[in-house]
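*Asks:* Build out the structure end to end from the sequences listed, making use of the hints.
First to last, the protein sequences are chains A and B. At position 10 of the first sequence the residue is numbered 10 (our numbering), and the sequence of numbers has no breaks. At position 199 of the second sequence the residue is numbered 199 (our numbering), and the sequence of numbers has no breaks.
Relax, there's no trap hidden among the hints.
In silico EDC-like pairs for lysine to aspartate or glutamate, Cα to Cα no more than 16 Å straight-line:
(1) B:763 <-> A:19
(2) B:717 <-> B:664
(3) B:739 <-> A:18
(4) B:739 <-> A:19
(5) B:763 <-> A:18
(6) B:326 <-> A:169
(7) B:138 <-> B:658
Pair by pair, the computed Cβ-Cβ distance ranges are:
(8) B:363 <-> A:136: 53 to 63 Å
(9) A:185 <-> B:703: 45 to 55 Å
(10) A:271 <-> B:722: 56 to 66 Å
(11) B:288 <-> A:136: 46 to 56 Å
(12) B:331 <-> A:136: 44 to 54 Å
Just so you know, these hints were derived from the structure itself, not from any lab. Using N, Cα and C, we set each Cβ at its ideal position, and we do this for glycine too.
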Amino acid sequence: MRYLITTLVLLSLFSCQEEFIPDNISEEPVIVVEGFVEAGEGTNPAYVLITQSVPFLSEIGPELFQGLFIRDVAVDISDGNETVRLTELCLSDLPDEIKEEFANQLGLDGDSLSVDYCIYVDALDQLDRDFGKTYNLRIVVDDVELTAETTIPELVPIDSIYFTEIPGDPIDSLAQMWVNIQDPEGPNYYRYFTDDGNGVITTSAFGSVTDDIFFDGQSFDFPLTKASVRGADVDPATFGFFAVGDTTTLKWCSIDAEHYDFWSTYEFNLNSQGPFANYIRVNHNIEGGIGIFGGLAVDVLRPYVIKE
Amino acid sequence: MMKYHLILLFGIVLFSGSIEAQEDYTLSGYLKDASSGETLIGANIFDLNNQALGTSSNAYGFYSLSLPAGEYQLVASYLGYNNSIIEVLLDSDQKLDIELSQGVVMEEVTITAAEAEKDQNVESTQMGKVELPVESIKKLPALLGEVDILKTLQLLPGVLSAGEGGSGFYVRGGGPDQNLVLLDEAVVYNTGHLLGFFSVFNADAIKNTTLIKGGMPAQYGGRLSSVVDVQMREGNNKHYQVDGGVGIIASRLTVQGPIQKDKSSFLVSGRRTYALDLAQPFLRGGNFEGTNYFFYDFNTKINFKLSDKDRIYLSGYFGRDVLNFKQPARDFFFDLPYGNTTATLRWNHLFTDRLFMNVSAIYNDYQFAFKGGQEDFIFELKSAIEDINLKVDFDFYPNPTHSIKYGINTTYHTLTPNTATAMNDDIDFSSGIEPKYALETGLYVQDDIKVNPALSLNVGVRFSIFNQLGPFTSGLDGQVYETNEIVQTYTGLEPRASLKYSLGKDLSLKAAVTYANQYLHLVSNSSSTLPTDIWVPSTEVVKPQTGLQYAAGIFKNFQDAMWETSIELYYKDLNNQIDYADDYVQNIGVDEEQAFVFGEGRAYGAEFFLRKNRGKATGWVGYTLAKTERSFEDIEGGRWYPAVYDRLNDLSVVLNYEINQKLELGASFVYGTGRWFTPYESFYFIEGNIAPEYGPRNSSQIEDYHRFDVSLTYTPKADDAKKFKSSWNLSFYNVYNRKNPFFIYYDAVIDREIGTTQLEAFKVTIFPIIPSITYNFKWNQKAK
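*Replies:* This is the structure:
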């Protein structure tokens with residue numbers, strides 16, 4: 001809303017812009033963790049990416065990006081009973097025919113394949129991944145110990161999914177996705193991913209998480225937006241709609257409060273720009289570093305897009 | 001009559017220790033503008049031969065001067081008006097209304113001799129008080145030709161602009177919510193139109209503006225930093241008058257005149273913008289057909305003189321910003337109306353020539369609403385603050401050495417936070433956030449005491465009581481409170497004192513200390529205030545803000561007050577300051593106070609002021625050297641960091657020059673140290689996307705701000721006695737086209753060909769050089 005108002009004001013007042021060079025800020029790199037434990041049918045084994053942050057004014061090319069991955073460290077995930085050490089795996093270790101599939105599962109687009117992504121993964125899928133369980137992450141990088149905890153909540157599944165005419169002037173080839181859930185009483189948090197149209201399962205630039213403040217304990221229908229690459233040009237006339245006749249993927253997840261808090265602050269931070277922007281710090285849940293270690297209760301649906 | 005005695009007794013008992021019994025006679029009445037009959041606020045009347053014997057008119061133009069029997073040459077003076085000398089043989093109580101005229105010599109008793117000039121800034125006990133008659137504001141250059149009272153205040157030392165082109169302001173390191181802005185005694189909670197680029201005060205309807213930035217008298221309460229007391233015109237009670245103007249974004253029209261000559265009058269004034277109305281033909285058939293934005297103001301006032309002792313005033317204001325956004329192709333829309341309403345009913349009564357009473361019943365509200373949707377989905381968001389206020393004030397002038405004010409003021413607040421509802425087909429959802437209620441009461445007494453010709457004191461105390469009332473459910477222990485049941489009570493004893501010591505006719509030293517409580521708060525984590533920001537009351541979670549300010553200054557005039565100079569120093573301690581937590585994400589389903597953090601603030605500075613009051617060239621230079629810091633335990637462990645509105649250097653130069661009778665030049669130059677902001681310090685990757693990380697709060701500054709504005713006012717027949725007069729005002733904002741940053745934003749610049757990504761910062765400038773032209777006219781039934 002603020003964005004729209006701002007835009008109107010600026011349009012009407014002949015604004016202009018120039019590059020601004022802030023004071024040179026030197027910042028020691030911080031270790032960044034991105035790890036997930038999923039439960040539900042057809043979900044991925046647990047995995048963790050470990051990288052480091054870079055100073056604001058850095059220009060990141062493929063070589064520098066490659067250098068951000070922190071390699072050869074011990075990564076353990078425990079479910080309270082059993083501790084599993086993850087195995088480091090890089091794209092270059094994989095046969096070409098499964099590289100793309102692997103990248104898609106991580107939500108990476110085609111360009112990313114030029115970088116040798118390295119992750120730590122529960123290669124033998126030893127971890128007991130289940131709803132209602134709590135997991136602890138421990139990473140040791142040199143002398144630094146990083147820890148985190150997350151819970152996979154009970155899954156609140158999609159009750160029904162359907163497609164309708166898009167709002168406003170109809171376009172035959174596009175449809176709006178709607179879902180219904182039966183939200184249980186008490187606080188619940190959700191995140192979702194869809195196919196971006198190129199086989200990549202990722203999130204929408206509009207935001208990927210919600211709480212249930214507005215529909216706590218109710219049966220609720222709401223529209224979902226098709227995933228898109230953040231920062232890519234969008235056509236407002238077609239943005240977020242699904243192509244009629246395609247089979248798409250919806251990955252619907254229940255997450256815990258801390259996991260929601262990370263994405264909520266992260267997305268608010270990214271979307272909060274402009275003269276009246278709010279200043280906000282991301283709520284990381286990694287002790288000793290930044291990033292997110294999150295559990296997801298996953299419901300995957302593969303609907304055929306046809307309007308009701 | 002019994003009541004009067006009780007009131008008088010109350011006053012006398014309270015101050016009996018300092019009042020000497022003596023045989024005085026009282027001269028009292030009203031100070032007025034000769035052409036319109038408008039009362040003059042803060043005008044002076046004093047003994048020509050002993051300036052210490054004098055007083056000034058109150059907010060209703062009333063004065064009362066008790067002197068020993070004798071013959072006096074009294075001078076009545078007011079900024080921008082010719083002085084008037086009145087020979088008085090005071091051998092009994094007398095009533096005398098005095099009319100002052102602007103510009104030209106009118107009456108035999110009028111003189112312009114310099115020796116009659118009053119060194120008001122040197123003589124007054126009050127510190128940090130500035131009166132700005134609206135006529136002096138109208139002569140300055142204005143953005144897009146819209147004369148703006150609040151932007152003129154920003155040109156004074158100690159007052160900072162909230163941002164490029166904005167009418168919001170900060171006073172001596174205080175937050176934007178720490179300014180008490182009153183329109184005919186009604187609180188105006190949001191003073192900005194168009195995101196604050198223009199203020200809600202239509203200059204044509206305004207008579208006088210008083211800014212008090214230090215040494216706040218006890219009659220004002222509820223804010224820590226300043227008072228901006230705006231008084232509407234009463235209406236010409238001698239003859240009909242029409243004023244208006246046509247500018248490039250808005251037009252104005254004001255009609256005023258007598259209902260019954262010299263006894264009652266009315267004023268009706270309106271202003272509306274039309275910039276986007278004119279663009280409607282170009283939007284037709286496009287993606288945004290039906291989109292429009294405008295704002296308007298409507299002021300009205302009537303007053304009746306019921307008798308020599310009783311007057312009634314009824315005034316009101318209604319203003320709205322209206323934004324309608326439409327995207328027909330997607331069936332998407334939102335409407336965003338917001339604005340203030342005020343209504344004030346006042347009764348002035350004179351019990352005696354020495355005891356003046358005003359009773360006011362005041363209503364004011366600020367409403368914000370957003371309604372948007374697409375097809376069957378409708379979302380609404382509302383917030384509001386509404387006050388019902390009753391107050392009684394007494395001005396008691398027992399003798400020339402005492403001027404006493406006392407009174408009581410009680411306000412019932414209803415504060416509606418962001419209440420959201422959503423509808424989808426026939427299903428309704430609500431955020432469930434309930435309004436909060438409070439009763440705020442203040443009792444005060446203050447005395448302006450002339451101890452001897454050199455020393456005067458102003459001492460006062462205010463006792464404030466704030467009750468949060470039900471219905472309310474405690475977020476701490478779940479206790480349920482019924483309607484009007486007391487949830488939480490806060491009280492405060494707020495002493496204020498100032499003193500002046502004269503070191504000669506035109507030199508004085510002053511000092512002041514002010515303690516104040518503030519029970520309502522506006523919390524904003526953006527760099528400026530917005531119509532969406534909401535006011536919250538003190539509750540079981542939110543404690544009252546408190547502020548203690550010390551100020552000291554030296555005041556010196558030259559050449560019979562043609563030149564005024566002053567240096568003022570201040571130090572301010574602020575407690576229970578409120579901000580949002582670092583990780584605050586606006587969530588309309590959660591009570592905002594759960595996201596607050598509490599801390600403290602401190603501000604100190606030096607203000608230098610030089611003003612030229614008379615001659616073809618008038619104007620001032622104001623310079624402030626200041627520091628403003630804040631500390632919150634929950635923000636970086638309590639590190640003291642500069643406030644967004646900390647500005648080390650702030651300079652304003654203002655000039656009016658009368659080239660000839662037809663042509664007048666106005667110019668202003670402002671310079672300020674660059675604003676603080678919180679920069680991105682580093683970035684990282686998450687899910688393949690760039691994620692920036694902020695550095696320490698307010699640890700970087702944008703470029704310094706400076707701007708030069710100039711205006712020319714051409715009045716073709718300035719000396720003409722015709723009923724209809726007009727003038728053209730040509731204004732240039734930002735003459736040398738300085739690209740002052742309005743805000744900084746970041747973008748990831750991705751070069752897919754070579755596979756590089758970099759975060760870059762950009763500064764956006766919104767106001768280049770902006771010329772504007774305004775046509776103003778005035779029709780007066782009986783021209784001079």
